[in-house]
Amino acid sequence: MKKLLLGNESVARGLWEAGVRFVSSYPGTPSTEITEFAATYPEMYSEWAPNEKVAFEAALGAAVGGGRSFCGMKHVGLNVAADPLFVSGYTGIGGGMVIGVADDPGMHSSQNEQDSRHYAIAAKLPMVEPSNAAECKEYTKAAYELSERFDTPVILRLTTRVSHSRSPVELSERVEREVAPYVKDPGKHVMMPANAKKRHVVVEEHLAALAEYAEVTPLNTVEENGAEIGVITAGNCWNYAKETYGKSASYLKLGLLNPLPKKLILDFAAKHSTLVVIEELDPVIENHCRALGLTVTGKDVLPLCGEYSEELLRERLLGIEPDCCEVGAPIPARPPVLCPGCPHRGVFYTLQKLKLRVSGDIGCYTLGAVPPLSAIDSVYCMGASISSLHGACKVRGEEDKYVAVIGDSTFMHSGLTGLVNVVYNGGNTTTLILDNSITGMTGHQDNPLTGKTLMGNPAPNLSLEAICAALGVPADHIRAVDPNDLAELEKVVKEEVAAPCPSVVICRRPCALLKSVKKNPPIQVDAEKCVGCRSCMKIGCPCISVTGKKAKIDESMCVGCGLCSQMCRFGAL
Amino acid sequence: MSKNIMIVGVGGQGTLLASKILGRAAMDSGLDVKVSEVHGMSQRGGSVVTYVRFGDEVYSPVIGRGDADVILSFELLEAARWLPNLKNGGVLVTSTQQINPMPVITGAAEYPEGLLDDIKALGVDIRAFDAPAIAAEAGNARAANVALIGLAADALGFDTEILRNAVAACVPEKALEINMKAFDLAAARAAEAKRN
Ligand code: SF4
Ligand code: SF4
Ligand code: SF4
Numbered sequence: 001m002k003k004l005l006l007g008n009e010s011v012a013r014g015l016w017e018a019g020v021r022f023v024s025s026y027p028g029t030p031s032t033e034i035t036e037f038a039a040t041y042p043e044m045y046s047e048w049a050p051n052e053k054v055a056f057e058a059a060l061g062a063a064v065g066g067g068r069s070f071c072g073m074k075h076v077g078l079n080v081a082a083d084p085l086f087v088s089g090y091t092g093i094g095g096g097m098v099i100g101v102a103d104d105p106g107m108h109s110s111q112n113e114q115d116s117r118h119y120a121i122a123a124k125l126p127m128v129e130p131s132n133a134a135e136c137k138e139y140t141k142a143a144y145e146l147s148e149r150f151d152t153p154v155i156l157r158l159t160t161r162v163s164h165s166r167s168p169v170e171l172s173e174r175v176e177r178e179v180a181p182y183v184k185d186p187g188k189h190v191m192m193p194a195n196a197k198k199r200h201v202v203v204e205e206h207l208a209a210l211a212e213y214a215e216v217t218p219l220n221t222v223e224e225n226g227a228e229i230g231v232i233t234a235g236n237c238w239n240y241a242k243e244t245y246g247k248s249a250s251y252l253k254l255g256l257l258n259p260l261p262k263k264l265i266l267d268f269a270a271k272h273s274t275l276v277v278i279e280e281l282d283p284v285i286e287n288h289c290r291a292l293g294l295t296v297t298g299k300d301v302l303p304l305c306g307e308y309s310e311e312l313l314r315e316r317l318l319g320i321e322p323d324c325c326e327v328g329a330p331i332p333a334r335p336p337v338l339c340p341g342c343p344h345r346g347v348f349y350t351l352q353k354l355k356l357r358v359s360g361d362i363g364c365y366t367l368g369a370v371p372p373l374s375a376i377d378s379v380y381c382m383g384a385s386i387s388s389l390h391g392a393c394k395v396r397g398e399e400d401k402y403v404a405v406i407g408d409s410t411f412m413h414s415g416l417t418g419l420v421n422v423v424y425n426g427g428n429t430t431t432l433i434l435d436n437s438i439t440g441m442t443g444h445q446d447n448p449l450t451g452k453t454l455m456g457n458p459a460p461n462l463s464l465e466a467i468c469a470a471l472g473v474p475a476d477h478i479r480a481v482d483p484n485d486l487a488e489l490e491k492v493v494k495e496e497v498a499a500p501c502p503s504v505v506i507c508r509r510p511c512a513l514l515k516s517v518k519k520n521p522p523i524q525v526d527a528e529k530c531v532g533c534r535s536c537m538k539i540g541c542p543c544i545s546v547t548g549k550k551a552k553i554d555e556s557m558c559v560g561c562g563l564c565s566q567m568c569r570f571g572a573l
Numbered sequence: 001m002s003k004n005i006m007i008v009g010v011g012g013q014g015t016l017l018a019s020k021i022l023g024r025a026a027m028d029s030g031l032d033v034k035v036s037e038v039h040g041m042s043q044r045g046g047s048v049v050t051y052v053r054f055g056d057e058v059y060s061p062v063i064g065r066g067d068a069d070v071i072l073s074f075e076l077l078e079a080a081r082w083l084p085n086l087k088n089g090g091v092l093v094t095s096t097q098q099i100n101p102m103p104v105i106t107g108a109a110e111y112p113e114g115l116l117d118d119i120k121a122l123g124v125d126i127r128a129f130d131a132p133a134i135a136a137e138a139g140n141a142r143a144a145n146v147a148l149i150g151l152a153a154d155a156l157g158f159d160t161e162i163l164r165n166a167v168a169a170c171v172p173e174k175a176l177e178i179n180m181k182a183f184d185l186a187a188a189r190a191a192e193a194k195r196n
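In order, the protein sequence lines correspond to chains A and B.
Position 480 (the first sequence) corresponds to 480 in the numbering used here; numbering is contiguous.
Position 56 (the second sequence) corresponds to 56 in the numbering used here; numbering is contiguous.
Hints in this document: simulated from the structure, not taken from any laboratory.
Do not take every clue at face value.
Stated by the list, open to error - DSSO-like mimics (lysine-lysine), calculated; alpha carbons at most 27 angstroms apart, straight line:
(1) B:Lys3 <-> A:Lys2
(2) B:Lys120 <-> B:Lys174
(3) B:Lys174 <-> A:Lys518
(4) B:Lys3 <-> A:Lys247
(5) A:Lys247 <-> B:Lys87
(6) A:Lys124 <-> A:Lys263
(7) B:Lys174 <-> A:Lys3
(8) B:Lys174 <-> A:Lys519
(9) B:Lys174 <-> A:Lys515
(10) A:Lys515 <-> A:Lys529
Unchecked claim - With the Cβ distance kept under 7 angstroms, some of the chain B side facing chain A (calculated, not the full set):
(11) Met1
(12) Lys3
(13) Arg44
(14) Pro103
What the hints assert, rightly or not - What follows is a set of in silico ranges between Cβ atoms, one per label pair, in the way DEER data are often shown:
(15) A:Asp300 <-> B:Arg195: 53 to 59 angstroms
(16) A:Gln111 <-> B:Ala108: 47 to 53 angstroms
(17) B:Asn88 <-> A:Ser374: 40 to 46 angstroms
(18) B:Thr96 <-> A:Pro522: 20 to 26 angstroms
(19) A:Pro458 <-> B:Asn88: 56 to 62 angstroms
(20) A:Asp323 <-> B:Thr96: 25 to 31 angstroms
For each residue, glycine too, the CB sits at the ideal point set by N, CA and C.
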């Protein structure tokens, strides 16, 4: 039976068909749905871990324990999981293990544009990359075969357009696999120097065997269409190449990205007068071709930054400009904004009002950086709000001018250790934890603070207050407030910023998009009282506009959170 | 040959359901299909675009400038933003709904006036309707996404029954009646507008 599946959904189907028993991941666009769909198959145990390192180690343990396992993450998540990643090639596996990593060329929803292929090379692990939903399933299954055949975890590389595109997939059934018996083998699994030295030799032997396999694997395919142009490509770029050249070029499509074949490429090169390498982000395949002594067209005409497209290839490789028209008037941008009723809005309004410098973090609340709130000074990576602020305060003093702002899920991911550092090293910074009871940005996943697991079971309700107290923050400087109570929020933030000790303000109100959050009737404008002062506009709610000296509220969007009413001194809202 | 359709709008307007319906209709027509969606950041009220391509063989999941046969727009400013993607001779079906983006709300930019006339003046085959109003007539303004598909039905190139069945298969059970009504009403309005 053929079904239209999302790339990520098809990976999940592949996991199920491959008999996978254990899935542990941390959500991150564009990888999240793999694990969400995996959780819909009761034969696979699936969970959200607090971060990618934990997820990876859990999956490694499951694989060494003899069951096929998977962990999924976005590209930057692999940075977090890099420590176990590098050792996992040494220890090898028991049941097969696959790591799904989704890169985000074009940065649709990310803070950088890194190319995960470098990790496969550096950690000496095989990597496969599908180009559409059907291949997502097939390559996932092939990755498990490779993993067990060469006793190594395998990286499945995805990109946004493959993860988030639907195309037809032929479904098959699950093949159950028994959990392999446990064998104690410290030489293989206790990675202290004496053992690791021997294991490194094994890793190199596996890689040499894999390099031979790369010459013959069905994952690498050749389509011959004449001797002129030969395109070497992989993943989604193959799609763009096919649309651009059609039958006027031959294709070497690489499904196995590490190790790359040598003879296969040289043979292909020998048959074509011009070679073009098409790959998004870094010139990995191109450098490999150049090292083989080949002359290729690649990054000399194609960009290092951003996503590719058929349009881009046509323009850069064939010199064909698009034929299109546009209106003369300037089109204002439409950036994303915090939702109507978002619990973060009051926080950023208050921080901006108090003229505090804000060390931000990764999540919906990063949107507090855009006008009119414009409240955030810096955002680097998961958890960096607390730790980078600590450094800033150690060189500048000025603890009363700064706060760190971090979401509940991000705090559990990697904010904890930053807070420990503040306490341990005598910092006295203030951290605002935005507790919206969910992982909002990636589309509402549960986390250790929500009291529910991925598979829908109840979980212990961890208390942020108790955690912060246990980390050493003085109990009377751990304060919980409702961020929609602007007066109280301002008072508490002022007090804690002034306090000569580490402090935590927990801003607690659920995400406005949660189904459990009750909507109030929309706020009405009393046109008699409204003087058009625009104060209510300062909170940046997309429902409010002021035209002709009168405020107007879009009733179809307003959820009646009441924040704007607190802004109006004339009682018009 | 493939047929290239773009669905554009504002995050939260229900563009994903529309693309799901078109993908389903293409599958049911026995064609190869690719539907490319946006998840993540821009769904928070930003400008969103979904690409639907179908035909005998489809590779690229996205549609470049000058390549869309049909653009289905949920909002007027978005129609203007994505107009360069319309093929010469393509059809632009748009809702006349206007939603101010944040730079307009804060006064940093203006919502351009007379967009419909500007687009018409370029010689574009534009078909503009008040989609939420048609959906409201059918029972719920939130069925505007299905109404838009009804409005574009003849330009999309599907067999009408296949398209209707795809709508029925993709909308939530409890909203089925209103959505079917919105679809039929919209298709009738489009046919009427064509006769005039
Ligand atoms: S999803 Fe929730 S937390 Fe994120 S912006 Fe919307 S309301 Fe705020
Ligand atoms: S703050 Fe009150 S008076 Fe001022 S524009 Fe808004 S509604 Fe009118
Ligand atoms: S208009 Fe006011 S009450 Fe309505 S969502 Fe916006 S801030 Fe909340």
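Going down the list of hints, with the structure as the test:
About 21 angstroms separates the Cα atoms of Lys3 (chain B) and Lys2 (chain A), which keeps this hinted pair within 27 angstroms; it holds. Of the pairs offered as hints, the one joining Lys120 (chain B) and Lys174 (chain B) is violated, with about 39 angstroms between alpha carbons and a cut-off of 27 angstroms exceeded. Simply put, Lys174 (chain B) and Lys518 (chain A) have alpha-carbon atoms about 21 angstroms apart, close enough for the 27 angstroms limit, and the pair holds. A threshold of 27 angstroms between alpha carbons decides the hint, and for Lys3 (chain B) with Lys247 (chain A) the separation of about 19 angstroms falls inside it, so the pair holds.
This hinted pair checks out: Lys247 (chain A) and Lys87 (chain B) have alpha carbons roughly 23 angstroms apart, not beyond 27 angstroms. With a C-alpha separation of about 20 angstroms, the suggested pairing of Lys124 (chain A) with Lys263 (chain A) holds against the 27 angstroms cut-off. For the suggested pair Lys174 (chain B) and Lys3 (chain A), the alpha carbons sit about 24 angstroms apart, so the restraint of at most 27 angstroms is met. Using a Cα cut-off of 27 angstroms, the hinted pair Lys174 (chain B) and Lys519 (chain A) holds, with the two alpha carbons roughly 21 angstroms apart.
Of the pairs offered as hints, the one joining Lys174 (chain B) and Lys515 (chain A) holds, with about 17 angstroms between alpha carbons and a cut-off of 27 angstroms not exceeded. Of the pairs offered as hints, the one joining Lys515 (chain A) and Lys529 (chain A) is violated, with about 34 angstroms between alpha carbons and a cut-off of 27 angstroms exceeded. The restraint placing Met1 (chain B) at the interface with chain A is violated, with a minimum CB-CB distance near 12 angstroms, outside the 7 angstroms limit. Annotation: Lys3 (chain B) was flagged as interfacial toward chain A, and the flag is violated, the nearest CB pair being 14 angstroms apart, outside 7 angstroms.
Evaluation of the Arg44 (chain B) hint against chain A yields a held restraint, the C-beta minimum of about 4 angstroms falling below 7 angstroms. A cut of 7 angstroms between beta carbons decides the hint on Pro103 (chain B): the least distance to chain A is about 5 angstroms, and the hint holds. A C-beta distance of roughly 56 angstroms is found between Asp300 (chain A) and Arg195 (chain B), which places it inside the suggested range of 53 to 59 angstroms. For the hinted restraint 47 to 53 angstroms between Gln111 (chain A) and Ala108 (chain B), the CB-CB distance of approximately 24 angstroms leaves it violated.
At roughly 42 angstroms, the beta-carbon separation of Asn88 (chain B) and Ser374 (chain A) lies within the given 40 to 46 angstroms, and the hint holds. As the Cβ distance of Thr96 (chain B) to Pro522 (chain A) is approximately 23 angstroms, the hint placing it in 20 to 26 angstroms holds. Judged by the Cβ atoms, the range 56 to 62 angstroms given for Pro458 (chain A) and Asn88 (chain B) holds: they are separated by roughly 58 angstroms. A beta carbon spacing of about 27 angstroms between Asp323 (chain A) and Thr96 (chain B) agrees with the range 25 to 31 angstroms that was offered as a hint.
Hints 2, 10, 11, 12, 16 from the list above are not met by this structure, while the remaining hints are.
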